Every structure is written in C-alpha cells, then in structure tokens.
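Chains as they are written, first to last, in this note's numbering: chain A, 1 to 297; chain B, 1 to 359; chain C, 1 to 301.
Just so you know, not all the hints are guaranteed correct.
What the hints assert, rightly or not - Chain B is nowhere near these chain A residues, computed Cβ spacing over 12 Å in every case: (1) Asn105; (2) Ser138; (3) Asp187; (4) Ala193; (5) Leu223; (6) Val282; (7) Trp285.
Claimed, not checked - The calculated SDA-like cross-link candidates involving lysine to any residue, where the alpha carbons are at most 25 Å apart (straight line), are: (8) A/Lys203 <-> C/Thr31; (9) B/Lys108 <-> B/Ala167; (10) B/Lys168 <-> B/Asp154; (11) B/Lys168 <-> B/Leu135; (12) A/Lys100 <-> C/Thr31; (13) B/Lys102 <-> A/Ile210.
Simulated from the structure, these hints should not be mistaken for lab results.
From a predicted model like this one, the values you see are computed outputs, not experimental measurements.
Cβ atoms here follow ideal geometry from the backbone N, Cα and C, with glycine treated the same way.
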Amino acid sequence: MASERPNQLFRNGSAKIAAIPMIVTALFVFVGGTVWTVVYSFTKSGLLPRLNWVGLDQYERLWATRKWLVAIENLVIYGFCMLVLVFVIGFVLAALLDQKIRFENTVRTIILYPYALSFVVTGLVWQWILNPEFGVESIVRGWGWESFSFDPLYNADIAIYGVLIAGLWQGSGLVMVLMLAGLRGIDQEVWKAARVDGIPTWKTYIFIVIPMMRPVFITTLVLVVTGIVKLYDLIVAQTGGGPGIATEVPAKYVYDMMFQANNLGQGFAASTMMLVTVALIVIPWAILEFGGSKNRG
Amino acid sequence: MNNSVEIKNLDLQFGAVKVLQDLNLDIGKGEFLVLLGSSGCGKSTLLNCIAGLLDVTAGQIHINGTNVTWAEPSERGIGMVFQSYALYPQMTVEGNLSFGLKNAKLPKAEIAQRIKHASEILQIEPLLKRKPAALSGGQRQRVAIGRALVRDVDVFLFDEPLSNLDAKLRADLRVEIKRLHQRLENTMIYVTHDQIEAMTLADRIAIMRGGQIMQLGTPDDIYGRPVNKYVAGFIGSPSMNFLDGTIQNGAFKAGDLTVPLAGYDFASGGAVDGPTTLGIRPEHVTTGQLVSDAPIQVDVIVELIEPTGSDKLIDCQVAGHHFRVRMEGQASVSVGQTLRLGIDPARASLFDAATEERL
Amino acid sequence: MVDASPDTLSGPQGPRPRKVLSRRNIFLYGTLFVITVYYALPLYVMIVTSLKGMPEIRLGNVFSPPVEMTFEPWVKAWSEACTGLTCNGLSTGFWNSVRITIPSVILSIMIASVNGYALANWRFKGADVFFTILIFGAFIPYQVMLYPIVIMLREIGLYGSLGGLVLVHTIFGMPILTLLFRNYFTSLPEELFKAARVDGAGFWGIYFRIMVPMSLPIFTVAVILQVTGIWNDFLFGVVYTGPETYPMTVSLNNIVNSTQGVKEYNVNMAATLLTGLVPLSIYFVSGRLFVRGIAAGAVKG
Numbered sequence: 001m002a003s004e005r006p007n008q009l010f011r012n013g014s015a016k017i018a019a020i021p022m023i024v025t026a027l028f029v030f031v032g033g034t035v036w037t038v039v040y041s042f043t044k045s046g047l048l049p050r051l052n053w054v055g056l057d058q059y060e061r062l063w064a065t066r067k068w069l070v071a072i073e074n075l076v077i078y079g080f081c082m083l084v085l086v087f088v089i090g091f092v093l094a095a096l097l098d099q100k101i102r103f104e105n106t107v108r109t110i111i112l113y114p115y116a117l118s119f120v121v122t123g124l125v126w127q128w129i130l131n132p133e134f135g136v137e138s139i140v141r142g143w144g145w146e147s148f149s150f151d152p153l154y155n156a157d158i159a160i161y162g163v164l165i166a167g168l169w170q171g172s173g174l175v176m177v178l179m180l181a182g183l184r185g186i187d188q189e190v191w192k193a194a195r196v197d198g199i200p201t202w203k204t205y206i207f208i209v210i211p212m213m214r215p216v217f218i219t220t221l222v223l224v225v226t227g228i229v230k231l232y233d234l235i236v237a238q239t240g241g242g243p244g245i246a247t248e249v250p251a252k253y254v255y256d257m258m259f260q261a262n263n264l265g266q267g268f269a270a271s272t273m274m275l276v277t278v279a280l281i282v283i284p285w286a287i288l289e290f291g292g293s294k295n296r297g
Numbered sequence: 001m002n003n004s005v006e007i008k009n010l011d012l013q014f015g016a017v018k019v020l021q022d023l024n025l026d027i028g029k030g031e032f033l034v035l036l037g038s039s040g041c042g043k044s045t046l047l048n049c050i051a052g053l054l055d056v057t058a059g060q061i062h063i064n065g066t067n068v069t070w071a072e073p074s075e076r077g078i079g080m081v082f083q084s085y086a087l088y089p090q091m092t093v094e095g096n097l098s099f100g101l102k103n104a105k106l107p108k109a110e111i112a113q114r115i116k117h118a119s120e121i122l123q124i125e126p127l128l129k130r131k132p133a134a135l136s137g138g139q140r141q142r143v144a145i146g147r148a149l150v151r152d153v154d155v156f157l158f159d160e161p162l163s164n165l166d167a168k169l170r171a172d173l174r175v176e177i178k179r180l181h182q183r184l185e186n187t188m189i190y191v192t193h194d195q196i197e198a199m200t201l202a203d204r205i206a207i208m209r210g211g212q213i214m215q216l217g218t219p220d221d222i223y224g225r226p227v228n229k230y231v232a233g234f235i236g237s238p239s240m241n242f243l244d245g246t247i248q249n250g251a252f253k254a255g256d257l258t259v260p261l262a263g264y265d266f267a268s269g270g271a272v273d274g275p276t277t278l279g280i281r282p283e284h285v286t287t288g289q290l291v292s293d294a295p296i297q298v299d300v301i302v303e304l305i306e307p308t309g310s311d312k313l314i315d316c317q318v319a320g321h322h323f324r325v326r327m328e329g330q331a332s333v334s335v336g337q338t339l340r341l342g343i344d345p346a347r348a349s350l351f352d353a354a355t356e357e358r359l
Numbered sequence: 001m002v003d004a005s006p007d008t009l010s011g012p013q014g015p016r017p018r019k020v021l022s023r024r025n026i027f028l029y030g031t032l033f034v035i036t037v038y039y040a041l042p043l044y045v046m047i048v049t050s051l052k053g054m055p056e057i058r059l060g061n062v063f064s065p066p067v068e069m070t071f072e073p074w075v076k077a078w079s080e081a082c083t084g085l086t087c088n089g090l091s092t093g094f095w096n097s098v099r100i101t102i103p104s105v106i107l108s109i110m111i112a113s114v115n116g117y118a119l120a121n122w123r124f125k126g127a128d129v130f131f132t133i134l135i136f137g138a139f140i141p142y143q144v145m146l147y148p149i150v151i152m153l154r155e156i157g158l159y160g161s162l163g164g165l166v167l168v169h170t171i172f173g174m175p176i177l178t179l180l181f182r183n184y185f186t187s188l189p190e191e192l193f194k195a196a197r198v199d200g201a202g203f204w205g206i207y208f209r210i211m212v213p214m215s216l217p218i219f220t221v222a223v224i225l226q227v228t229g230i231w232n233d234f235l236f237g238v239v240y241t242g243p244e245t246y247p248m249t250v251s252l253n254n255i256v257n258s259t260q261g262v263k264e265y266n267v268n269m270a271a272t273l274l275t276g277l278v279p280l281s282i283y284f285v286s287g288r289l290f291v292r293g294i295a296a297g298a299v300k301g
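Isolated chain A (complex conformation):
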C-alpha cells in the first residue's frame, strides 16, 4: 500500500495549487516588498531606486527634517487623543446601548454609518462644517458669542484637533460595535452574581466587566493603532497637510517624498520608520495573544 502513495510533493495537490496566490502574496509582496523597501532605505535613491549605499544617511536626514518632526508630533498628538477618546466614547456608547434600550438598532445604525464612509468623504464634510465663514464658528457667533473662535482648519496650533474630530466621528462607531459585542459576550450570570452581591452597576463595569473584556480591548487597540499609523486620506482630503505643514503625518510624508519630491530614499526611510512603529505594537500583541510555540511568524 505504501508504495502506491503518491509523492509527498503532490499530496494535497489541489490544496497547494489553491494556496499559490497566498504563498506568492505572502512571500513576494509582504516579505519581499518589505525587505526591498528596508534595503533601499539605506541607498541614495532619487527619482529611481538605485543600490548606491549611503548607510544611515537617509535616516539622519529624515530626523533632521522639520516636516518629518512635525509629522511625528502630529501623529503622537492625534494618536494619543484618538486612542483615549475613541475608547472612552466607544465604551460608554456600548454600555449605554447595552441597557436594554428601545431603538437600539436605530441608534447603532446612526452611530456606525460614518464608518461606512471613506476618509475622503469624512475629511471633506468636516472641512465644510469647520469652515469658519459658514460653519460652527459663524453659528456660535451668530448666537451672540462674538469673540468665539474655533477655526482648526486655518489655525495651525489647533489644526490637528480638527482632523481628530473628524477621525473620532468616523471611527468611534467601530469601537462601539466591538465593545458592544464584547459586553454581549459576558456571561449574564456574572451580572446576576454581582447583583446578588449587591455591587452597584458602575463598580460591576469597572472591577468585573472591563477586566473580563481584556481580549476585546487588546484587539481593538491593535486595530485602532494600526489605523492611526495609516492615517493619510483624511489629512489629504481635510487639510492637505496644512495650513502650512501643520497637519503633516508620516504616511503623507512618505507619499510626498516618493511620488512628488522624487526622493525615494527618504520615502523608504520614512516608511521603514512606520513599519518599526507598527512592529513595536503588533509583535508584543501577537506574542501575548498567540504566545507559546505556535504561529510564530
């Protein structure tokens, strides 16, 4: 019987053929592309990629460029505020929706719809709403508060917060849905036990339910953080990086360097920095989540 067994290579032949696109994508695009970019970030590539090594030159120049530093600063501000607010808003909304309320579906539908819209659409709508001539500022002034000033699209100091408002509007629905799924996944008997124990609702949330939702929180955290690092379309649509360079972000810096400034080496170095940032978050998470010996990539 053993001699009739087909060659090891052709066992599961169809399955292997079916997996070819995955293998090609994984090896050539994800691994190959990443390695290629990292390698070329050590070269002096300009308009075209060339293998003329310059060591860490590109990185030194990158960290000496004001636009990059502003981009990093913006990413930190946006990222920190986004993280804190999106979690607070998302969780509070989910907890409110979990109170067996009427119209739950309607409310959830309305809060989540921005997530179906593209960042470009989001950016343009908020560009319009925050327009100082016709938008929020003019309305509040119209109510009689003449000195009211809120023009994040024209004031470089607060411009990034204008983007934050739009980003929160678009993304908090997603967090809410994930949190709601997490809340619904909590064993109802735990709530009952807490009631029998006489623990107030808010304490049950903080000391029992939230700790139980740790996996949901971590997954959401990874999703939100990777989303923050990728922040690009929203900036392009809402502010174009302006006023001046007030709302530049790393992803935009990469694009500008690669496709407009013909400075590929800078683009590669900047994108490698983005990769490092994501890796610093994803790898610990992966180890925590999948741990042990299995699934080590």
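Model the placement of chains B and C on the given structure of chain A, informed by the hints.
Then chains B and C, alone, in the frame of chain A:
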C-alpha cells in the same frame, strides 16, 4: 411564622407568554426544596424571581416573613450559586469571596473571619490566592458556593449548579452539598433537571411543567405515588411502563391481561369503570422465585437484553405494549426465552386515560 | 392548607414600581439623543448644502435648511465639475470605480475563499507559516509596500491601468478575507467534510457542492466588506492609476480641493454625497451583515 420562603399567587409574563402561572409555594425553615423539570418548565425563572433577578408580573414573595417582592437581590437575605459558576475571573478566590462584603462596608476582621469559616467548610483554603482560571470545575463550583456562604444568609439558591461538571464530580459534589445542608441547616432551593440529584438531595421536590407545579412532595411520595402520568413517566429510570386498558368490575383489563385491583390504594373512592392506564415501574416487576409471591403472573418472551452491570434490563411485550423489566445483574436469561413475571397491583399506579390524573 | 391562597394580598406585590420618566431614563435617552444627533448631523449638512444655491449658502450657515431647493449642484457634480484641467464631473470616476470594484471583489473573494477552504480542511505542511505571514502582512503599513508594487506592476505592464489596481486590491484584500473564510470553514462541522471525502468527493467537488452552498452568509459579508473597502480606497487609487483611470474618491478629492476657480460648496457636497452613496446604501441595506463583517474582521485568528 415557620416558613422561610413564601410564594403567593405568583405570575410572570414575558410579553404575551405566560412563564409562571398563579404559583403558590411555601418552603419551611431549613428545608431542602428541589425544583425539578425539563428545560423550559419555568424552574429557573421561578428561582430568578425568588432571587429578585426578574421582576414578577403579579403576586408576592416573602423571605423570612418579610415581603421582598420589591427588594433588590442583595437585600433579600439570599445567596445564589450559578450553573456557569459566574466567578469574577480577574479576582483571586479570596477576592471573589470578599468583593460583595467589602462593598457592603463590613469591617475587615469580620470579612476575614467569614472567609476563613467558609473556606474551612468547603476546604478551599489552599486555593484562596489563586484565580478561577487556575481551578478545576469542581473547585470553581466550591468557590461559588463559598461566595454564597460568606453572605451569611438563611436562604441558598442553586441554579443547576452541577450541570457543567462531569458525572463523577457531580456525584461527589452532590454529597458535599447534602453534607453542607446538614451542617448549616439553612433553607436551600435547588433547581435541576437531573432526577437523581433531586431524589438524593431533596426534602421535598416540586415537579414543574408549563410554569406550574405538577406535584409537590417528598421524594418517596413522588416516586411511589405520582399524581399524574407526566410525573410518573418523568421520575424513574428506566421510566415506568404504561399499559392502556380499561377498568371493568374492579379489575384492570388490557388485551389478555387482567389485574384484579384488590390491593391497590385508590386516591379517591374506589374503582370506576372506564378507560385507564396502568403504570408499573420496571424495578417493581418480580422474576425468579419471587414470582410466586406476586398476585398476578404473566409469561413473556425475552426480546432484548441490556446488561448494565448491576442490573439487566429486559425488553418484552405485555398485552401488546412494549414493556421493560429490571432483573438482577447475575440473573441468567437469554433472548427468545420465556420468562414469568410477577406484578403486584399495590406497587402499580392507575391513571385516568383522559385526564391522566392518578386514580 | 385551608384557604392557603388568599385572593387579596396586602403590601408590595407584582412588578417593582417604575417611573417612565425616572432620572436614569432621562439621562440615558437624553445622552443617546444628543449623541445620535451629533453623529447624524454631517450627513444632514451634506444633504442640505447640496440642495442649496450658492447665493443662499453665502447668506446662511451650514445647518440652515434650503429655502429654494435645487438639484443643479448634483447635475454639475456628476457631469461638469472641474478637476484641475478637465471638467467631466464625477461620472468618469464613478465608472472607473465600478470597473475597479466589480472585478476586484469577485477575484479577491474567489481566491480567498478557495484559500481559506484549503487552510481549513486540507492542511498541508507549511500552510500555517504562509498564513501567519499573510496575517502579519495585514498590519504592515501600506507605505512600506507601495514602491515595490509600482515596480512589479511596471514589469508586467499594468502600472497606471485599472487592471493593475484590481490586482493590488486583490492582494491587499487577501489577509482579511482569507482569515474570514478560514474561520468560517473551520466552524463548519468537520464530519461533513469527512463524510464527503468518504463518499469520494475531491478538493473541488467538496468546495463547490458542499462548502459554497453552505457559506452564502459569509460570502455576503465578504462582498459587503470588499465593496465598501475598495470603493472607499484612496491611497492605492492615487498611486497606481493615472488621471484617466482615477477612481471616484480621487476624482472627488481633486474636484473639491482643486485650487482653481471659485469654491462651489454646494457642488462639492453633492459630489461628496455621490461618492458616499454606494457604501452608504450598502450599509443601510445590509445592516446586521455589515456589523458582522467588521466584527469578523476584528476577530483574532
């Protein structure tokens, strides 16, 4: 006031669905009451109403002489143990036991003393610093019982506490719960769908169906004198044999079988002619030398034998009905053999064919 | 037990008394109302602005409803609005997006479903390694892979064409879709698969006759996920296509943020709404499945 829990005219509806209907139940101090029934009979719902986790539609609940119908669960003087244990997973065993007490602002010494007491009784002292995830199912359930215990209350509610455990652990913990009850002597209301648990633990069993209590009585009562055909068929494994026939002139007749009812203890009056169902438990049919003592004897052909080790279950036909008999495990019997059975009307049950009520 | 059930009970009975207008309810529904209004407002602003004439916009504010409704901005946005040099409106971008989205969705779902099925039921040596790389790939910032793909597309002559963008969407849709399908197929009872094998069905036989018919919901989820994702893409569109082949999001951005001429806010908002219309209709129609799609996208492997 000797009753620990009193339920008066209790109704519960979810929308148009009546889950509990006009329920009345008095549970004495120190009594172990089991609510038994198949799923959807309303037994867990009733327990949740007693606990105050569900709002009732009508009626009252009294615990220890106080009307607690509107009281919060924590104010009712109850402790509750759940099927899924419902331990707080991020806290240690000690944290689980003390969380409710700390919240009630009990003095530290008192909390420590109660935890010590409870963990001694349940033998979970070595586990106090561990988290629930590091415990076995049986240990978790013990901690869950401990959480009810530290509340120092008179009424314990158990909602299918052993259903998530494997058979052996279930049997062990069953004994422990019984010991606990003997030691603490407080009132326990215990929901289960497992009749062995019900029979072994209960002082009284309430068999529920369709939101109503079918029969309330001691395990002996329920086993020996089921009030209707449903209870009769529900209790006992393998279940009771039913023979459809009629009562004519004081004797039960089904096919060629005639059972004189001289020894039968009628629930009300005497024999009334009419269509009737006779119920006999497989273990109440005698075989071998004992047959000659039985008032009625029947010859059957053995169709199938199921040995279980301690017993042998015999499948056969009596008066055209499928009939099972329990024999001793060592009995020598083979398929196709003719077997003489002895039936004693005093140990049988008769049910009205139409109402299915006991006669 | 004589007269044990008195018909008249005294003291508290029945449900706990509850006020409809309790403080909790006022707070709860009040908060939810304010939040809902806040989230709904931008959509409202888009709609009203797109229905106003420019003079009206200059007089009022973004929230005021239109006095004289006009659909002219919509017509203009669709066929006349200018993107720098050309003035063809959004229509070109719309049809480009359609031509990108349909083949991308079909191709990516076909490949990913077969792939997920192979991973779930026909595990072969090394499959897990590639799958892990694929999932990690989903976290790599696209910027890292942008340029290598430019080179790749140039090599095969697809750079700047719709076909190239279709290929890119297929590649980047693969991690999430493969995960989605793999998890779904793993959740189906394995006995089913074994029974089919015992009955002599092969790889493709089982896939087409057993797996696909049982997986309609997950295919729907995948379609929703992909259509919205691809329709909403901006980065790949702007990198891998040229002015002739720009998808709708890129055209929209070029129209609204073009620096030439007077800003026509009503046309801009009409264009924005038009672009958002496809994913919005999918969202409002599919409802629960959309939510399931995101939840599925978020589950761990």
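We went through each hint and held it up to the structure:
Even its closest Cβ contact with chain B, about 18 Å, leaves A/Asn105 beyond 12 Å, as expected for a residue assigned away from the interface. In this structure A/Ser138 is separated from chain B by more than 12 Å, as the shortest Cβ-Cβ distance comes to about 50 Å. With a cut of 12 Å on Cβ distances, A/Asp187 falls inside the contact zone with chain B, its closest approach being about 5 Å. Listed as a non-interface residue, A/Ala193 fails to keep its Cβ farther than 12 Å from every Cβ of chain B; the least gap is roughly 4 Å.
For A/Leu223, the requirement that its beta carbon stay farther than 12 Å from each beta carbon of chain B is met, with the minimum near 23 Å. The Cβ of A/Val282 lies farther than 12 Å from every Cβ of chain B, with a closest approach of about 25 Å, so its non-interface assignment holds. Chain B leaves A/Trp285 outside its interface by the beta-carbon criterion, the shortest separation being 19 Å against a cut-off of 12 Å. Annotation: proposed proximity of A/Lys203 to C/Thr31 holds, straight-line Cα distance about 21 Å (limit 25 Å).
The hinted pair formed by B/Lys108 and B/Ala167 fails the criterion: a straight-line CA distance of about 39 Å is larger than 25 Å. Taking the CA atoms of B/Lys168 and B/Asp154, the gap is near 29 Å; set against the 25 Å cutoff, the hint is violated. Note on B/Lys168 and B/Leu135: the hinted pairing holds, with a Cα-Cα distance of about 17 Å set against a maximum of 25 Å. Distance hint between A/Lys100 and C/Thr31 is fulfilled; the C-alpha atoms sit about 15 Å from each other, no more than 25 Å.
Only pairs whose Cα atoms come within 25 Å are accepted, and B/Lys102 paired with A/Ile210 is accepted, the gap being roughly 19 Å.
The structure fails to meet hints 3, 4, 9 and 10 from the earlier list, while all remaining hints are met.
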